[in-house]
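Chemist: Residue numbers (the working numbering), protein chains in the order written: chain A, 684 to 1039; chain B, 684 to 1039.
Among the clues, some could well be false.
Each pair may be met inside one copy or between any two copies, as identical chains are not told apart.
In the EDC-like style, the derived pairs of lysine to aspartate or glutamate whose C-alpha atoms are separated by at most 16 Å in a straight line are [what the hints assert, rightly or not]:
#1 LYS898 / ASP772
#2 LYS793 / ASP1029
#3 LYS685 / ASP712
#4 LYS685 / GLU710
#5 LYS686 / ASP712
#6 LYS686 / GLU710
#7 LYS790 / ASP904
#8 LYS787 / ASP904
#9 LYS814 / ASP843
Because the hints were derived from the structure by calculation, they are not lab data.
Protein chains: 2
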Amino acid sequence: MKKYNFNAGPSILPQYTLDKTCKAVKELDNIGLSVLEISHRSKEFQKIVDDAVALVKEILKVPENYNVLFLGGGASLQFSMVPYNLLGDNQTASYLETGAWAQKAIKEAKLFGNVNVVASSSDKNFTYIPKNFKVPEDSAYFHVTTNNTIFGSELLEDLDSKVPLIADMSSDIFSRPVDVSKYALIYAGAQKNLGPAGVTLVILNPDILGKIERKIPSMLDYKIHIKNNSLYNTPPVFAIYASFMTLQWLKEQGGLEEMEKKNIAKAKLLYDEIERNSMFCGTVEKDSRSRMNVCFLPTKPELEQEFIKFATEKGMVGIKGHRSVGGFRASIYNAMDIEGVQALVDCMKEFEKQHA
Amino acid sequence: MKKYNFNAGPSILPQYTLDKTCKAVKELDNIGLSVLEISHRSKEFQKIVDDAVALVKEILKVPENYNVLFLGGGASLQFSMVPYNLLGDNQTASYLETGAWAQKAIKEAKLFGNVNVVASSSDKNFTYIPKNFKVPEDSAYFHVTTNNTIFGSELLEDLDSKVPLIADMSSDIFSRPVDVSKYALIYAGAQKNLGPAGVTLVILNPDILGKIERKIPSMLDYKIHIKNNSLYNTPPVFAIYASFMTLQWLKEQGGLEEMEKKNIAKAKLLYDEIERNSMFCGTVEKDSRSRMNVCFLPTKPELEQEFIKFATEKGMVGIKGHRSVGGFRASIYNAMDIEGVQALVDCMKEFEKQHA
Chain A
684 MKKYNFNAGP SILPQYTLDK TCKAVKELDN IGLSVLEISH RSKEFQKIVD DAVALVKEIL
744 KVPENYNVLF LGGGASLQFS MVPYNLLGDN QTASYLETGA WAQKAIKEAK LFGNVNVVAS
804 SSDKNFTYIP KNFKVPEDSA YFHVTTNNTI FGSELLEDLD SKVPLIADMS SDIFSRPVDV
864 SKYALIYAGA QKNLGPAGVT LVILNPDILG KIERKIPSML DYKIHIKNNS LYNTPPVFAI
924 YASFMTLQWL KEQGGLEEME KKNIAKAKLL YDEIERNSMF CGTVEKDSRS RMNVCFLPTK
984 PELEQEFIKF ATEKGMVGIK GHRSVGGFRA SIYNAMDIEG VQALVDCMKE FEKQHA
Chain B
684 MKKYNFNAGP SILPQYTLDK TCKAVKELDN IGLSVLEISH RSKEFQKIVD DAVALVKEIL
744 KVPENYNVLF LGGGASLQFS MVPYNLLGDN QTASYLETGA WAQKAIKEAK LFGNVNVVAS
804 SSDKNFTYIP KNFKVPEDSA YFHVTTNNTI FGSELLEDLD SKVPLIADMS SDIFSRPVDV
864 SKYALIYAGA QKNLGPAGVT LVILNPDILG KIERKIPSML DYKIHIKNNS LYNTPPVFAI
924 YASFMTLQWL KEQGGLEEME KKNIAKAKLL YDEIERNSMF CGTVEKDSRS RMNVCFLPTK
984 PELEQEFIKF ATEKGMVGIK GHRSVGGFRA SIYNAMDIEG VQALVDCMKE FEKQHA
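Let the hints inform the model, and build the full structure from the sequences given.
Modeler: Written out as structure tokens, the structure reads:
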């Protein structure tokens, strides 16, 4: 039976990425070695990194002077690296509190300086993205989480900011065009729209660095990674290779304009069904809904387990909602095509027929 | 033409690991999903982590109360994590300086407290492991690098230490039995004897933690990773899976006693040829020679490039020595069988016939 992978992350990847990486694990480009066995100092891997960086720059239209890094440690390590490099002991950083990951980022920043939460949607269990907040102009930076994987909300606008704007885009990067020049630093764990878990993409304007006094461990120092083109230490070779394959696929698919069109259509199909279907209701305010993670609840709570069982039998994987929200969550990243979303919608319709 | 992979790391992996991971990238255990797409909170992945931890404990005979972690960020991140967690601002840690990686570990430790280098072999370009040094009993810990990948020396003895003994075993873990109970903490980047780059194995006695006053970023806090069984954040799922496959292979091969026998035989074959062959000479003192990384120089320096070209044409990969030593380096990790070493020896003999 065909499986439809709605996992929140690690999550569905393009078949292209799976086919290419499988082949490269067997043998990389007829060099007689597996991609798992090549030296990170080999010309083969240098070309992979260089080409992957070039594709990130091309696809996201990254400004010329920005750096693109592939680092280990996950986005969770960035929660610490950002303030380690950018927040002086006596400075204040502003954060927008839109969910659990934003809260984790805030927690780490507090180890290094002061944190000013400019707005929070915690009053309504993060079911909306706050608006009309004011970021103090003396903030060291302003940090946002563009997509809240757990709560299913998304900040679809590139904000104007008078202080360096920093974004955790782990779960929506590459899902739509972004004006990278408005951001001082973007980071994203790969395991949603890019590749397997184990590598984190960092895009930054190097002008923001070197402005505070603090001894920084080498592995947490952006300047060192920039100087070494992501090769200060042995990088996660395989995860970078797989990400490179997804970048190739993204380009072949028509890039981010095309991705955005498909993602809008997929999200509309699913949200429309949630609104129409008497068995389900959405959790997030309409103008804050995520195109990546669609959260919804059963109108009859006693049928929650029943729907999960029903959907699982039809091949749906990973639709159980996060415990912070309950109900259901369908993550419909780039690699999920509209047929997959239609399969879920069909499943919801059939469930309604049986239980309404 | 068959390739013989003598890369220093990332390096040769068992064919078993390559076959199994290739299959799992296509589909993991008939679950309809690739190993790259499964949730790190899925029962499938939980079993992979649990089984991998159990195999590490079994193969290395890890004491019951120790923790086994799979972390991201590489051994280079451990250079900072160790002092971050264990070295108070006014305390002193002792380090044995046996090569470039030990030096990097020392550099990071200096950010957190005082460092006492108990002995160094830098006077002779790290061609030996110092002996008869004294570790002050008030050291917060004593750090050693058991195998020096770049310089080809190895500390084959499990030292007795009155202070917590910490070892970077990145390039010789699983190559021989080790008395883990003598160590307070062992860490090892996977990309030599375990798996692909992107995951680091940490084995530690939790009793050493919580003894200093310092705010530690969550991702750098061993206590947090222990509490979450390596799943505090999204771990490098694929790299852990591949490592698990190598652990299965290790066990099937007869474990560490068998590995040590094979590694002794392989190293003897190659070092004997280096001693016999008029074209080559070793770089490391006999009692400090590494069984993993065999460094040797041409007796006629003008033939260095010629031998690399000659060996490359015969399928040898990665035998160029590190720039700090020059000449040649053959890394003969667990997955390199004696036939591969014999192929290199044959190549050296043939080269001698042509040039002596």
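Chemist: Now, for every hint given, state plainly whether the structure supports it.
Modeler: Structure-based check of all given hints:
{"no.": "1", "hint": "LYS898 / ASP772", "result": "both (12 Å within a copy, 13 Å between copies)"}
{"no.": "2", "hint": "LYS793 / ASP1029", "result": "neither (46 Å within a copy, 61 Å between copies)"}
{"no.": "3", "hint": "LYS685 / ASP712", "result": "between (30 Å within a copy, 15 Å between copies)"}
{"no.": "4", "hint": "LYS685 / GLU710", "result": "between (28 Å within a copy, 12 Å between copies)"}
{"no.": "5", "hint": "LYS686 / ASP712", "result": "between (30 Å within a copy, 14 Å between copies)"}
{"no.": "6", "hint": "LYS686 / GLU710", "result": "between (28 Å within a copy, 11 Å between copies)"}
{"no.": "7", "hint": "LYS790 / ASP904", "result": "between (20 Å within a copy, 14 Å between copies)"}
{"no.": "8", "hint": "LYS787 / ASP904", "result": "between (20 Å within a copy, 14 Å between copies)"}
{"no.": "9", "hint": "LYS814 / ASP843", "result": "within (13 Å within a copy, 62 Å between copies)"}
The earlier numbered hint that this structure contradicts is number 2, and it is the only one.
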